[in-house]
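> Here are the chains, one letter per residue:
Number of protein chains: 2
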Amino acid sequence: MLLNEEQIIDWLKKKIKIKSKEIITKIGDDTAVLKWNKDFYFLLTNDIVIDGIHFEKEKISPEKIGRKSLAVNISDIAAMGGIPFYALVSLGLPSAHANFVSGIYKGISKLAKEFNVDIIGGNTSKSPTLFIDIFLTGKVEKNLLKLRSGAKPGDKIYITGSLGGSIQGKHYNFQPRVKEARQIIKKYPVSSMMDVSDGLSSDLTRLAKASNAGFILYLDNIPVSKSAVKVSKTEKEAVFHALNDGEDYEILFTIDKKYSRKVFKKTDSVPISLIGEITTEKKYIGIFKNQKIKITPEGFDHFKNI
Amino acid sequence: MLLNEEQIIDWLKKKIKIKSKEIITKIGDDTAVLKWNKDFYFLLTNDIVIDGIHFEKEKISPEKIGRKSLAVNISDIAAMGGIPFYALVSLGLPSAHANFVSGIYKGISKLAKEFNVDIIGGNTSKSPTLFIDIFLTGKVEKNLLKLRSGAKPGDKIYITGSLGGSIQGKHYNFQPRVKEARQIIKKYPVSSMMDVSDGLSSDLTRLAKASNAGFILYLDNIPVSKSAVKVSKTEKEAVFHALNDGEDYEILFTIDKKYSRKVFKKTDSVPISLIGEITTEKKYIGIFKNQKIKITPEGFDHFKNI
Chain A
0 MLLNEEQIID WLKKKIKIKS KEIITKIGDD TAVLKWNKDF YFLLTNDIVI DGIHFEKEKI
60 SPEKIGRKSL AVNISDIAAM GGIPFYALVS LGLPSAHANF VSGIYKGISK LAKEFNVDII
120 GGNTSKSPTL FIDIFLTGKV EKNLLKLRSG AKPGDKIYIT GSLGGSIQGK HYNFQPRVKE
180 ARQIIKKYPV SSMMDVSDGL SSDLTRLAKA SNAGFILYLD NIPVSKSAVK VSKTEKEAVF
240 HALNDGEDYE ILFTIDKKYS RKVFKKTDSV PISLIGEITT EKKYIGIFKN QKIKITPEGF
300 DHFKNI
Chain B
0 MLLNEEQIID WLKKKIKIKS KEIITKIGDD TAVLKWNKDF YFLLTNDIVI DGIHFEKEKI
60 SPEKIGRKSL AVNISDIAAM GGIPFYALVS LGLPSAHANF VSGIYKGISK LAKEFNVDII
120 GGNTSKSPTL FIDIFLTGKV EKNLLKLRSG AKPGDKIYIT GSLGGSIQGK HYNFQPRVKE
180 ARQIIKKYPV SSMMDVSDGL SSDLTRLAKA SNAGFILYLD NIPVSKSAVK VSKTEKEAVF
240 HALNDGEDYE ILFTIDKKYS RKVFKKTDSV PISLIGEITT EKKYIGIFKN QKIKITPEGF
300 DHFKNI
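Those protein sequence lines, which keep their order, are chains A and B.
Position 191 of the first sequence, counting from 1, maps to 190 under numbering that gives the first Met the number 0, and the rest follow consecutively.
Position 182 of the second sequence, counting from 1, maps to 181 under numbering that gives the first Met the number 0, and the rest follow consecutively.
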């Protein structure tokens, strides 16, 4: 039997029991949360980028590959309301040309500096396939931690930035939303949060499942990126891209509806859009031009084509 | 210009500066050591196993691959005197057959249970090459922490177990020396410690370099494993295997010579051999049948054949 990524995670959730009482998250969250000291939780996350899957090394500079490998991890920490701090960098290299290796590290280091991330160790190995696997730690004030599981029926659903068409370049250049996520959490009573890495349709379904709820998505309100518009012939096609493309690395979050009038339309640096609501009924519904449609998690599943 | 693993690490050491004062190790150590609380340091390590490099998936069960992927990481924690506790498991899979994935996790879980390691998260992705990259955290009492950099001229050099021929099977089945390393540290004034993963010749050279010293290796005293003897025609060939094969995952350590008479010949579960001494002069010398020979780091370098 062949499994997809979701099935593997579901299987792991059943199979692997976390024993430690210091860990307050479950298998399936992007980031593990560990009790640490009286003010902070310690965050542990990791994310891989692999040649042929997440980038194509013939088509892109080693600097951009390096940058992306760290950015996807910083985004995971941002999604919890956290601040990243230490990274271990694991490198699998088909060959070790000095320029290529230094290019990758240049890309990693530059972004690391920007986000005050310290590279404290790692690992290199020969590998038939080029990959970079980064292990990133972070911290978050106890009162600022957000999980994907906290959404309540009636909560409104929001997203930062715009979605879709990231294959046009954004997936190399996106800015992890550390500052924006923390700004949002400090301003509003956020009930749940996650980053959109596999596509809004997949990730919102995950958020709803983790929160034991459903959702109605206002498809006409989804902020469609210029790149998605550019590659689309119709409005519907553009919305489909925004819904399913993945690798947007924007922040998805929910807030109790009674505060919804108070939510500003942007943080200091990025727009915020109201795109739906959480429902008691565990259905995943979209409304497009007053028509109801069924939302399936069509976002990028790395195993789909197997 | 092509680089080998040692050159990449040397380059990184020069290039990457750790800013945080919470980190007490440098790039190049197997494990990063982080200040934590008044009694303990926090340890962070990671090690990859890759198909075609560290195992061959056609020739070995997924359980053994999984076991090895965690065991190499536990060995890194053991080498610091630490106790492993949390793991994140990153899996790159060419295809996701249920039996294969569950076999890998079975291998990981069984060893995790044995060493009280909690799997708290991770990551799966499609990948052209199968690999498992584990990030393992650990803790060590402040007074028990050992680094590879503490050896002093005159110190005697010791090794647990036996060396060589691990390709015959030991590299899948070895027992990480957590208990033994801690027993040794508690009993004797150990000045430096590391695990032998790439071969005694490579790893002892690293220990000497990190300690700003040289060594004389008593080649006649090296505990040669049965597997190394089996594959060798002469005694010299067997010693060469013990010196250079790698993947032994035994513990290499040094103790002030004035305690050397008191060092027992075994821990509760494994023999200990006296195999050399640290020298002021930064030369790497072996003595075999009263003949001096030059030791070069011939241990396994993953980039050597590129």
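Derived from the structure by calculation, the hints contain no laboratory data.
Heads up, some of the hints might be wrong.
[Stated by the list, open to error] To be clear about the criterion: a stretch of chain A counts as covered by chain B if any three or more of its residues have a C-beta under 8 Å from a C-beta of chain B, and this derived list gives those stretches:
{"no.": "1", "stretch": "59-72"}
{"no.": "2", "stretch": "98-105"}
{"no.": "3", "stretch": "211-225"}
[What the hints assert, rightly or not] With the Cβ distance kept under 7 Å, some of the chain B side facing chain A (calculated, not the full set):
{"no.": "4", "residue": "Gly120"}
{"no.": "5", "residue": "Asp132"}
{"no.": "6", "residue": "Val230"}
{"no.": "7", "residue": "Thr233"}
Using N, Cα and C, we set each Cβ at its ideal position, and we do this for glycine too.
> Now look at each hint and say whether the structure bears it out.
Hint check results:
1. Requiring three or more residues with a Cβ within less than 8 Å of a Cβ of chain B, the coverage given for the stretch 59-72 of chain A is violated, as only 0 such residues are present.
2. Counting residues of the stretch 98-105 of chain A whose CB lies closer than 8 Å to any CB of chain B gives 4, so the stated coverage by that chain holds, three being the minimum.
3. Here's how the stretch 211-225 of chain A fares: 0 of its residues keep a CB closer than 8 Å to some CB of chain B, so the rule of at least three is not met and the hint is violated.
4. Look at glycine 120 of chain B: its Cβ gets to within about 4 Å of chain A, closer than 7 Å, so that hint holds up.
5. Using the Cβ-Cβ criterion of 7 Å, the hint placing aspartate 132 of chain B at the interface with chain A is satisfied: the shortest such distance is roughly 5 Å.
6. Interface hint status for valine 230 of chain B: violated, as the beta-carbon distance to the closest one in chain A is roughly 24 Å, over 7 Å.
7. At a threshold of 7 Å, the smallest CB-CB gap from threonine 233 of chain B to chain A is about 31 Å, leaving the interface hint violated.
Against the hints set out earlier in the document, violations occur for numbers 1, 3, 6, 7.
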